[in-house]
Amino acid sequence: MATTPEDTREAKARLDEEFTKLYRAHLRDVYSYAYYRVGNHHDAEDLTEQTFLQAYRHFERAQRESKGRPLRPWLIRIAHNLAANYYRDRSRRPQTSIEDAGSLSTPHTTEALVEDRDDLARILGQVERLPDDRREALIMRFALGMDNREIARALGRSDGATKVLLHRAVRQLEELVQAAEDGT
Amino acid sequence: MSETFDFEARLRAALTPVEPPAELELRLEDTLGSLVEMAADELEAWELGTLKDPRNWPRAALGPAAAIVVGGGAAAGLVLLRANRKSRKRGTFSVRRSVRDAAREALRVFDDVRR
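From first to last, the protein sequence lines are chains A and B.
Sequential numbering of the first sequence, starting at 1053, is according to my numbering.
Sequential numbering of the second sequence, starting at 5, is according to my numbering.
Among the hints, a few may not be true.
Said to hold, decoys possible - Heads up, incomplete: computed chain B residues facing chain A, CB under 7 Å, no partners named: (1) F11; (2) P21; (3) T35.
Unchecked claim - Have a look at the derived ranges for each label pair, beta carbon to beta carbon: (4) P25(B) to R1109(A): 22 to 28 Å; (5) R1129(A) to A26(B): 24 to 30 Å; (6) D1098(A) to R16(B): 23 to 29 Å; (7) E27(B) to A1231(A): 38 to 44 Å; (8) A13(B) to D1185(A): 19 to 25 Å; (9) E1058(A) to R16(B): 48 to 54 Å; (10) A17(B) to E1058(A): 49 to 55 Å.
Just so you know, these hints were derived from the structure itself, not from any lab.
A virtual CB, placed ideally from N, CA and C, is assigned to each residue, including glycine.
Please model the entire structure based on the sequences and the hints provided.
In structure tokens, the structure reads:
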């Protein structure tokens, strides 16, 4: 049976509806990833915008090739590649600011939380010292709540290699934080 | 083992998800909107350029149809995003109302594209 232009338009409309769902479901994921990668809200917004723009252009193919698997790893992989270009073009390093992130994500109601916030700031400071692949794996796991398989797909690695990467990342970070605490 | 578990809890607390600013959603919709405009401009330029040359007339009969599908797809994406935003502003989500909004927005967006 021949495909009519109307069939094509209906298929495209369905695709756009699916894209809207994807956008609504993962805007926060992409933004969180971008923020922890680039370290400031201005560039995180640009990176998020570019990620969804790229995703929109290639959505049909991605959906076809995903064969029903979740598309979050694909979205994060786009953000990952764009962030890599961002660093390559501008020779920048991330500058995460716990004050900025905290003010948007965590309500502060008591003074006791100040101490906790210092602790979290120390941890974030050490996250920045990790090699890129380990830092990214930790962001995906802890900020986005991705499982091993999703992280593996986003980073283009095997499940086994991702499990090892995460384990080493946590171990290295723990040592860095411990060393920093012993030194203070 | 327990220490590692504690450390992971601290790490989870440090790397909290960051809520995107409200303006970002508007910017994203604007970006999709400009995609629609670009598609419309390209279509217009293609039509004007092609129709001047009679040798291109057979192809002209096929080309715009393809471009309309591209432009229409981008417009539909924009329409759904706009309609969803309106639903959220009202504080209640109604599928029927969203569809009606989408239809209304579609007329407006397709009018813009045609212009």
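Taking the hints in turn, this is what the structure says about them:
1. Hint status for F11(B): holds, given a least beta-carbon distance of 5 Å to chain A, under 7 Å.
2. This hint holds: P21(B) has a C-beta 5 Å from the nearest C-beta of chain A, less than the 7 Å allowed.
3. Below 7 Å, beta-carbon pairs count as interface contacts, and T35(B) has one with chain A at about 6 Å; its hint therefore holds.
4. A hinted range of 22 to 28 Å holds for the C-beta pair P25(B) and R1109(A), which are about 24 Å apart.
5. Distance hint check: the CB atoms of R1129(A) and A26(B) are about 27 Å apart, consistent with the given range 24 to 30 Å.
6. With their beta carbons about 27 Å apart, D1098(A) and R16(B) fall inside the hinted range of 23 to 29 Å.
7. Taking 38 to 44 Å as the suggested C-beta distance range, the pair E27(B) and A1231(A) conforms, at roughly 40 Å.
8. For A13(B) and D1185(A), the hinted distance range of 19 to 25 Å is satisfied, since their beta carbons lie about 23 Å from each other.
9. Remark: the range hint 48 to 54 Å for E1058(A) to R16(B) is upheld by a beta-carbon distance near 50 Å.
10. Remark: the range hint 49 to 55 Å for A17(B) to E1058(A) is upheld by a beta-carbon distance near 53 Å.
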